[in-house]
Amino acid sequence: MSLNSIFQYFVPKDQKIFFPLFEQAANNVVTMATVLVEAVNSNNLATREELFKQIDKLEHKGDEITHQIYLELGKNFITPFDREDIHALASAVDDVADNIQGSANRMLLYRVEELSDPMLKLSDLVLQAVNDLEKAIRELKDLKNVRAIADSCIRINSVENQADYIFDRAVADLFLYEKDALKVIKHKEILSALETATDMCEDAANVMESILVKNA
Amino acid sequence: MSLNSIFQYFVPKDQKIFFPLFEQAANNVVTMATVLVEAVNSNNLATREELFKQIDKLEHKGDEITHQIYLELGKNFITPFDREDIHALASAVDDVADNIQGSANRMLLYRVEELSDPMLKLSDLVLQAVNDLEKAIRELKDLKNVRAIADSCIRINSVENQADYIFDRAVADLFLYEKDALKVIKHKEILSALETATDMCEDAANVMESILVKNA
Amino acid sequence: MSLNSIFQYFVPKDQKIFFPLFEQAANNVVTMATVLVEAVNSNNLATREELFKQIDKLEHKGDEITHQIYLELGKNFITPFDREDIHALASAVDDVADNIQGSANRMLLYRVEELSDPMLKLSDLVLQAVNDLEKAIRELKDLKNVRAIADSCIRINSVENQADYIFDRAVADLFLYEKDALKVIKHKEILSALETATDMCEDAANVMESILVKNA
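Protein chains in written order, with our numbering: chain A, 57 to 272; chain B, 57 to 272; chain C, 57 to 272.
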């Protein structure tokens, strides 16, 4: 129980600062995942490389938004939710961005040009998860539509389970059918970054569920 | 310094909610580790697979208990210990379960049928560590037997050190004597999940030590 | 907003306990990184092994300092900064030590005797980062020289970016030019521990930046 939770009953919440920043951060990861899906579905390697560079720039933009949230957190005595939840949510969204960029970066640096079916599927799942992440974050502002937030969180959990399953099977298949150990390692690293991006969406969903419970 | 720590002097602690949940969670990882040790010592592959599936179900059960603790944490104004310690302890026990299940899952998915001596030894150490974890969690309830909790924590730390040593040596030996790179990767992944399970027991022990100091 | 932040206006800060411990911890990682740089630049394998053993001992010493900080945190009602920042800073410095020791341990255990250029460069960057870490930690005591702390944090961030870049390129080069998969794995593990050491310095810098903002 923080002082916030007491103060919030008689001090107006200064939500104007945090919500737009969270929406920008969520919006940014949606753009990143959209560009990622476009890139992995493109067979033109030059186009794909161009898109990967866009992801890189978007990740830097995301870093600045996260940094801004941390700065505001330090400056603001009163926060709309518990400070640790604001920090954890910003940090989870940042981790989503890092892992989207990380997967693109590995495809590029390791010169993995023939992308596998599990990589495409996982990229789709990442996009699904961040779409729900953005929806839920938009609703956090007034907490009127609690049902919508909870539903998005449930869908993110389900997407993360699917991503886990696809990752585990893909790695098992690499071990069973791919004899080139270096290719196994490279593919495993790329799949792992994609799967971790959905894990980080789940982390963000867990924070939002905890905010819902505290503010019910 | 949270408000809890002040309130606890004049508000009765509502411990009835959290302790049984923690005991269930601890009990569940003891069952998981017991089944794991049975599985890795079984030479009948069908039996082993059956036991691995039991571990899977137990992990889901553990997830539900963890989720329940988080829900109660959101709902309860007064907690027996600092909120962050309750969260950290629940999360550490959940990570133990995840890594036991992860190691079993990898043995199964990667079709590693000939288990190595370090895998058996690490499984034994995981069981030793969770046995002490359960003992310590049982004693948290009334904090009468502080010595017993501290002793369990010390034994968990010692088990984690042994696991570290076995893991490091096993990986070094794989690099020195195993020429099949794919086998090295598969074995390393399994050993790593087992070793991480003991790390997570140590995390739980660290939380309990910090609870002891605060409530001394 | 913790109670600390209110109490600090009328209760004398008991800083005498925490600052010397943090300085000892920072000093210890500087010694570790100095010995690491000496070791990786030595071509005499016996000397190098001797230096690696020194790193091992220093890591144990660091563990004790961290443990001491946690104990004091449990015992002290009033802390100079928010409790979570003290915990996070101690834990980040401990993670720096773990990863320096981890990289040395892997070079030794995996019998990687010919160290690569990126390993030497990353070791240098680790030393640069911990030097700034120590500088910043020394200045935390009175917060008079806020500019110096902020500058150290900025330099740590820049070093971490350079380390990221060197790590990514080194792993990409291993995949492109090294055909021995086992050697790729071993080198990647060593490079990864070195790069993670700079990540952990950045974590520590983030905590210090947050302390600056709160106490501005």
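Source of the hints: derived by calculation from the structure; they are not laboratory data. Each hint should be verified, as a subset may be incorrect.
Remember, identical chains collapse to one label, so a pair may be satisfied in a single copy or spanning two.
As the list claims (entries may be wrong) - The calculated lysine to aspartate or glutamate pairs, modelled on EDC-like cross-linking and capped at a C-alpha distance of 16 Å, are:
| # | residue 1 | residue 2 |
| --- | --- | --- |
| 1 | Lys270 | Asp154 |
| 2 | Lys239 | Asp229 |
| 3 | Lys191 | Asp220 |
| 4 | Lys191 | Asp207 |
| 5 | Lys197 | Asp141 |
| 6 | Lys270 | Glu128 |
| 7 | Lys72 | Asp198 |
| 8 | Lys239 | Glu169 |
| 9 | Lys200 | Asp236 |
| 10 | Lys72 | Glu169 |
| 11 | Lys117 | Asp154 |
| 12 | Lys197 | Asp151 |
| 13 | Lys113 | Asp236 |
| 14 | Lys177 | Glu105 |
| 15 | Lys270 | Glu140 |
| 16 | Lys109 | Asp154 |
| 17 | Lys235 | Glu105 |
Bear in mind the structure is a predicted one, so any value in this text is a computation, not a measurement.
Earlier hints that do not hold, by number: 1, 3, 9, 10, 12, 13, 14 and 17
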